[in-house]
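Undergrad: Residue numbers (our numbering), protein chains in the order written: chain V, -16 to 477; chain Y, -16 to 477.
In short, the hints are calculated from the structure, not lab data.
Quick list of in silico lysine to aspartate or glutamate cross-link-like pairs, DMTMM-like style, CA-CA up to 25 angstroms:
1) Y:K25 to Y:E461
2) Y:K192 to V:E337
3) V:K49 to Y:E340
Going by beta-carbon spacing under 7 angstroms, a handful of chain V positions derived as facing chain Y:
4) L52
5) P54
6) S55
7) V102
8) T109
9) H114
10) L118
11) R122
12) N146
Each residue gets a CB set at the ideal place from its N, CA and C atoms; glycine is no exception.
Residues per chain are reported as follows:
There are 2 protein chains.
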Amino acid sequence: MQRFIPATRLSSKTIYSHRWRRCFSQAALKEVDTKDGVKVPKMPSFDYSPPPYTGPSAAEILSKRKEYLSPSMFYFYNKPLNIVDGRMQYLFDEKGRRYLDAFGGIATVCCGHCHPDVVNAIVDQTKRLQHSTILYLNRAIADFAEALANKLPGNLKVVFFTNSGTEANELAMMMARLYTGCHDIISLRNAYHGNAAGTMGATAQSNWKFNVIQSGVHHAINPDPYRGVFGSEGEKYAKDVQDLIQFGTSGNIAGFISEATQASPSIFIPSFQLFIIYGVGGIVELAPGYLPAAYSTIKKAGGLCIADEVQAGFARTGSHFWGFENHGVVPDIVTMAKGIGNGIPLGAVVTTPEIAEVLTRRSYFNTFGGNPVCTAAGLAVLKVIEKEKLQDNAFVVGSYLKERLTALKDKYDLIGDVRGRGLMLGVELVTDHELKTPAKLETLHVMDQMKEIGVLVGKGGFYGNVFRITPPLCFSMEDADFLVDAMDYTMSKM
Amino acid sequence: MQRFIPATRLSSKTIYSHRWRRCFSQAALKEVDTKDGVKVPKMPSFDYSPPPYTGPSAAEILSKRKEYLSPSMFYFYNKPLNIVDGRMQYLFDEKGRRYLDAFGGIATVCCGHCHPDVVNAIVDQTKRLQHSTILYLNRAIADFAEALANKLPGNLKVVFFTNSGTEANELAMMMARLYTGCHDIISLRNAYHGNAAGTMGATAQSNWKFNVIQSGVHHAINPDPYRGVFGSEGEKYAKDVQDLIQFGTSGNIAGFISEATQASPSIFIPSFQLFIIYGVGGIVELAPGYLPAAYSTIKKAGGLCIADEVQAGFARTGSHFWGFENHGVVPDIVTMAKGIGNGIPLGAVVTTPEIAEVLTRRSYFNTFGGNPVCTAAGLAVLKVIEKEKLQDNAFVVGSYLKERLTALKDKYDLIGDVRGRGLMLGVELVTDHELKTPAKLETLHVMDQMKEIGVLVGKGGFYGNVFRITPPLCFSMEDADFLVDAMDYTMSKM
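Throw the hints in and build the complete structure from the sequences for me.
TA: Shown next, in the form of structure tokens:
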């Protein structure tokens, strides 16, 4: 078994950057690595060459970003990539170099970058009418609402369009509060649900919560099978929901909001020179049995159950179209964004006619929400998922990928956990299997080296030690092999 | 002088719909009106024919909307229009009938519907790369941020991109709270700033405020020159800001948020069968001297001044690029949306480097915010405004239009006030000049009849008695004449 350099032997940033960089440089990677006879993994072939890029260099863009954009804006890699083109599961940098995109713009690009059907829908609609507001009729919003409602179970038939997941969750939380007449909502520790005044309350990671008033959300213990106190015993965690209601509220509650698989964003605190990445969890599948028990408790207290499908929805988990279906529950309100439009700004809330009625008490309006271009794109996405059987592909390729990653776990002690389902997978790196000590710097190193080989993955976990693998759903078996081979190769060199 | 039927003589909906509908039917309008020799105004010619429409009818769309979309969704006109195409300042319905768009999708379409430069920017970028997240570099966001920062005065140089005006105002309010360490914010009665948990607090119209907790916003008296207690004496109104701070806060304040010209949305409460439209104000220009005095008071209390330029920005007021410039003030934070992308979902917050720094305390991220397609569109919009001198056009055509509308006010007692500047104008209808009694039903009638002639205007005002005229900035003198002639013709028949 090949071993890695334990993190304890790394005493400073200097050691990190010098020692590991020396291992294999970008130049070396472009050739067969003949030093020890192991070949550098090769990307599957792909018949597309992007048009030449004539824009500013990465350095020039970075300098403009520093001057004109938020200092809170962070990026991946010590030397960030200038991504200028995308085609299906591949991205291209300014020099035309191709990368396998195993992150999908954070689980957003579901059909593939610049999927022709989605591009055509956007282009055709953009040329006819971009925006006129819902004060006039247009077929695009109505057709997409119908198609979306038809993808949902039960009486989830009324659609509200927004421009983002934050807006969708803000609306869902408000509707739960209006419907029940209660203010208290329960969300899960580790959760990320948005960054507006209401949703930041539901977000439960200190790194994403600014020191402003966020009222009325209680944070239940995270049913995390890998790090949680009760392991995979979902029902035990669910008792915390009952406790919170009993001891933290009047006994009545507005609702409960959670993802089916916590996606958990990565965070870069820019004031540090080295990438210090936070973010709790990182693709945490809620322990089996948790959601049915928690939903039942919430319903007994008069609350509504909100399923945040911003990342897990739209066929990503493979076995089902929606993440909540993996847990055998039916929510009262479903929120979505990211994958819904393959990258176009679009979010939605779907609920029952009875709950939807609360919004007629006053007026609710969203200028861009449901505009013809975004809803035409959304409809095209649904059709592509269907036509290309992307849910099946997510299941087949995702299962294979998870299997191969699990085998890698047996090969390298560095891998503490492999989890998730479909094409929403997490790989957690630790320096000690018993203590589950996060392997922070090793994660950065592996991520960086995989990029050099041509694979882009995402990152999460409170200590930045979880790879988030959420590629476009057209990811192939060969892509899966290439990803795992690249990770294997990188770890073998450590 | 031609007289109108006083509203007091209208005792019921029945009288409204029968009596006025009888005056002139749609069929009659298509021909020269020979009854009294007055010709129906004719739309300026325009060399464009939309492609044939093969989609569902208005009735079919309406039926799908009723089944699958929010019951809170409202529309203009008893028989809503099915708008399928747009070209510059014109919209086309399913039968290819052309309408002059004097509303611009609520002050959103600034360059004109499907302006070729904006369409090309969107199409080109959509074909190369739609979305990869700001975790990688891309030129589009950096180029647009630079161009946008260069349009702003003072040290307003750091840009944050969002997907809507609501998201922009949420972020701005949070930044003010973080920067000052205070929670209290002052907004103006009549204001609309968004509908998420924070911005709904700043919104100050009962019809847009749901019965959920909205904390920390105090609402100052609206400096409305037409209906306000101090007429046009801005400084007198500003004393209310001092009073609110003195009696409603600890003496310290996070900030103040206001538009330069209140846009004030219209509201349709769908549970009523007839259109009952609410919405305070309706294109209310803040009384002269108000903003400098209010800003000074806020600054003395340690607060930040936020200019909501969602509607008044991007050259709409003609005399200046930003609404606040008409008042001789420089805000600490500027928020924008609507016109920024000619209809694409895009918002922004611009502030100083010092204030922007607060967001590095924790992490802030927006998945779609600043994506290549929307920012490429934004840059194209700025270039079109410049190249086609749309600000000058808004000034020249807007001034002429206001002059002609003011002349109409002298002709018809029904018009109580004509206000605004550039191509952001309001026409308030009253049944009594002294009492300023809102002419609700008359407004609906005029709006409906103008639509029959081919002119689409917007509507606002608490009683739904204010026409909102916010067309694409390519509006021509002939369009202005056609609009006024259509209004004149309609009123002459009442």
